[in-house]
Amino acid sequence: MLRHFRASLVTLVLMTALLGIAYPLAMVGVAGAAFPGQAGGSLLQKDGKVVGSSLIGQSFTGDTYFHGRLSATTDTDPADSTKTVAAPYNAANSMGSNLGPTSKALVDRVKEDADRLGRGVPVDLVTTSGSGLDPHISPEAAAWQVARVARARGLPEVELQALVTRHTEGRMYGLLGEPRVNVLQLNLALDALPRR
Amino acid sequence: MTLNGWAQIALFCVLVLLLTRPLGGYLDNVMAGRRTLLSPVLLPVERGFYRLAGIDPAEEQSWWVYARAMVVLHIVGFAFLYLLLRVQDLLPLNPQGLSGVAPDLAGNTAVSFLTNTNWQNYGGESTMSYLSQMAGLSVQNFLSAATGIALAVALVRGFARAESKGIGNFWADLVRVTLYVLLPFCLLLTVFYVWQGVPQNLSSYVEATTLEGARQTIAQGPVASQLAIKMLGTNGGGFFNANSAHPYENPTALSNLVQMLSIFAIGAALTNLFGRAVGDERQGWAILAAMGVLFLAGVLVCYGAEAGGNPLIGALGVDNAAGNMEGKEVRFGAPLSALFAVITTAASCGAVNAMLDSFMPLGGLIPLLNILLGEIIIGGVGAGLYGMLLFAILAIFLAGLMVGRTPEYVGKKIEAREVKFTMLAILCCPLAILGFTALASVIPVGLAGPANAGPHGFSEILYAYASAAGNNGSAFGGLTGNTIFYNGTLAVAMMVGRFAIIIPMLAVAGSLASKRKAAISAGTFPTHGGLFVGLLVGAVLIVGGLTFLPALALGPIAEHFALLAGSLF
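Residue numbers (our numbering), protein chains in the order written: chain A, 1 to 196; chain B, 1 to 569.
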């Protein structure tokens with residue numbers, strides 16, 4: 001039994017040094033050298049300030065921007081640390097709604113949004129994402145918002161439609177995943193359009 | 001369901017089949033201690049390790065010694081991980097200043113990672129320091145995976161050897177798998193994941209100012225290195241709370257494909273190792289075929305349910321063409337979310353790329369059923385193979401009863417001792433799952449857990465104990481599990497699910513190893529053909545179905561009919 005204890009202790013110490021310290025630290029070094037952008041979180045900067053990450057969605061509520069998925073993330077209630085409050089796109093606390101398919105809360109929420117957004121709204125605009133940080137919407141969901149954004153910005157719809165098309169990514173290698181539009185990058189491009 | 005969806009599913013299956021044989025051969029060489037491509041580099045490391053630990057890798061251990069070595073490593077590992085989590089606030093690599101983990105949560109988490117379950121009653125980015133993730137959780141990801149593979153190989157040796165006292169050396173098995181298989185693959189996978197966009201840094205969380213002027217704190221960390229072993233070792237514990245649904249933990253459809261492949265790769269390869277070890281690779285393919293039948297049936301039902309969308313939402317005038325998107329990410333959509341869910345629960349991985357709690361009733365039934373059947377559809381690394389071989393013993397025993405002669409499997413007579421231990425291993429899990437679910441469904445501390453009402457709430461409880469005892473780790477995440485009651489009972493379920501299978505299984509291995517090889521005769525029932533595959537699938541379904549059908553009827557099945565009737569809860 002004592003032999004097993006010695007072997008266990010040595011195993012644990014050596015494996016922790018190798019797999020728990022050396023391996024991840026070496027990978028930090030290699031990743032930072034080979035792919036510094038990705039290793040650092042794919043951050044996006046505008047005028048020298050970090051405005052977000054190309055992989056992490058952010059909250060858009062105004063009419064002048066395209067909106068992303070609904071987000072069920074929460075944050076600690078500032079008034080009472082034992083409670084949580086809704087905090088969409090909280091990238092320090094990823095989570096889904098975990099509402100089941102027969103949940104009244106789910107159906108009530110979707111009904112309210114669907115009534116506001118209109119008949120035929122694409123399903124990804126009225127549902128929460130798995131992470132609460134989904135950076136994408138479907139091309140249909142982007143097209144659905146073109147008229148609203150065009151009106152709010154005073155831009156012609158065809159110009160916005162073209163912008164959406166340029167920002168639509170197809171399936172990888174024509175096969176993998178789903179067609180999608182990165183909302184933050186689309187909105188950055190929107191802000192970069194010449195004002196008139 | 002779309003043609004594209006099925007094309008992606010077919011691609012996945014073909015790639016798994018292509019990996020099975022070469023990887024099986026490599027694993028076989030490593031576990032037998034033969035020279036491999038990596039030996040020139042790793043052999044000195046391996047030898048140095050044995051010297052320090054006082055191990056003679058050539059010393060054969062009986063099943064009882066093998067089991068004891070494994071248990072002692074778990075005890076020491078538990079103590080170390082528990083302490084590390086408790087005092088993480090005093091240690092370096094904690095840029096967010098996260099506090100020490102509470103005793104019940106630290107205990108639950110330590111058991112969870114030691115048993116290869118990775119059930120998480122916490123959110124990674126809001127609870128665990130970088131040091132805890134790297135030196136605590138990741139290390140156990142490696143060791144629990146290596147343990148699983150070692151144990152499976154020990155059982156395979158029981159079938160392959162004749163009149164032998166030993167079933168191998170636990171320490172040598174553990175070290176070889178870790179050094180020659182898990183670590184090299186993880187190095188490659190980490191670089192690949194970073195290329196796809198997974199962060200790998202030690203920075204504090206990034207403060208961004210959004211386009212609308214709000215502040216957004218973006219969690220960072222050494223994600224890629226942990227992700228690599230989390231998938232390859234079928235551990236499944238997410239660096240982030242949202243696991244592989246988090247865009248940092250699974251940024252693209254390509255990273256998603258590689259994650260799915262690495263869940264199945266080793267489990268599938270072990271079936272081939274089994275075939276090689278018993279001298280007939282067809283025996284391995286037959287086991288894989290039985291797994292494949294159950295897997296594809298699950299994919300069909302789950303994908304169908306998710307692609308169909310939620311009719312209650314469709315009735316509100318929403319365009320449901322993309323399927324049920326609540327809890328799913330746009331880049332994966334219904335097909336890849338459903339496929340991932342079936343893979344992660346067929347293997348006892350437990351990583352998720354969509355929230356299973358928000359799946360349709362039948363879409364969520366499949367992950368639950370996969371776990372309840374005993375995690376034998378590919379299964380956890382090692383655990384899947386030894387689980388399925390126990391079912392093979394059962395199936396061959398049933399066949400023997402039907403024709404009235406002593407059953408044999410790959411040259412070994414299956415007798416009373418093996419069947420008793422097999423039944424013990426197979427019955428312990430259902431006892432833990434159904435017992436705890438029943439308890440939690442009637443007492444207030446249990447009923448406080450579910451977030452959803454109605455049958456779905458019951459499903460949340462059932463799923464939790466199934467996931468814990470099945471050592472899976474995925475969840476119907478609405479359940480509030482970070483309470484003393486759930487932390488405690490789930491930890492017990494995880495230990496039952498690991499040790500109450502492993503120890504009888506090793507007893508079977510020891511018993512088989514000591515037997516003579518029976519000569520193959522005209523009367524031997526062939527175990528590499530379709531009839532045996534059918535028998536094996538039947539044994540799995542009958543045992544799983546009869547045990548769990550009543551519980552499933554109260555949960556997902558009741559919810560399905562409620563949904564059709566338009567009832568809300």
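Rather than coming from a laboratory, the hints here were simulated on the basis of the structure. Any given hint could turn out to be false.
[What the hints assert, rightly or not] Derived contacts from chain B toward chain A, CB cut-off under 10 Å, selection only:
no., residue
1, 73
2, 80
3, 175
4, 211
5, 216
6, 224
7, 254
8, 359
9, 361
10, 427
11, 453
12, 482
13, 530
14, 531
15, 568
16, 569
Virtual Cβ for every residue (Gly too), placed ideally from N, Cα, C.
Hint by hint, here is what the structure shows:
1. 73: Holds, about 4 Å.
2. 80: 6 Å, holds
3. 175: Holds: closest Cβ of chain A sits about 8 Å from residue 175 of chain B, inside 10 Å.
4. 211: 6 Å, holds
5. 216: This hint holds: residue 216 of chain B lies near chain A, its Cβ roughly 6 Å from the closest one there, short of 10 Å.
6. 224: For residue 224 of chain B, the interface hint holds, since the closest Cβ of chain A sits about 6 Å away, which is under 10 Å.
7. 254: At about 5 Å, which falls below the 10 Å cut-off, the nearest Cβ of chain A leaves the hint on residue 254 of chain B intact, so it holds.
8. 359: Because about 7 Å separates residue 359 of chain B from the closest Cβ in chain A, which is inside the 10 Å limit, the hint holds.
9. 361: OK, holds: residue 361 of chain B within 10 Å of chain A, min 6 Å.
10. 427: Violated, because the Cβ-Cβ distance from residue 427 of chain B to chain A comes to roughly 29 Å (cut-off 10 Å).
11. 453: 8 Å, holds
12. 482: Nearest chain A Cβ about 12 Å off; hint violated.
13. 530: Nearest chain A Cβ about 32 Å off; hint violated.
14. 531: With a minimum Cβ separation of about 37 Å from chain A (threshold 10 Å), the hint on residue 531 of chain B is violated.
15. 568: Hint on residue 568 of chain B: holds, closest Cβ of chain A at ~4 Å, below 10 Å.
16. 569: 5 Å, holds
In terms of the numbered hints stated before, the structure departs from hints 10, 12, 13 and 14, listed from lowest to highest.
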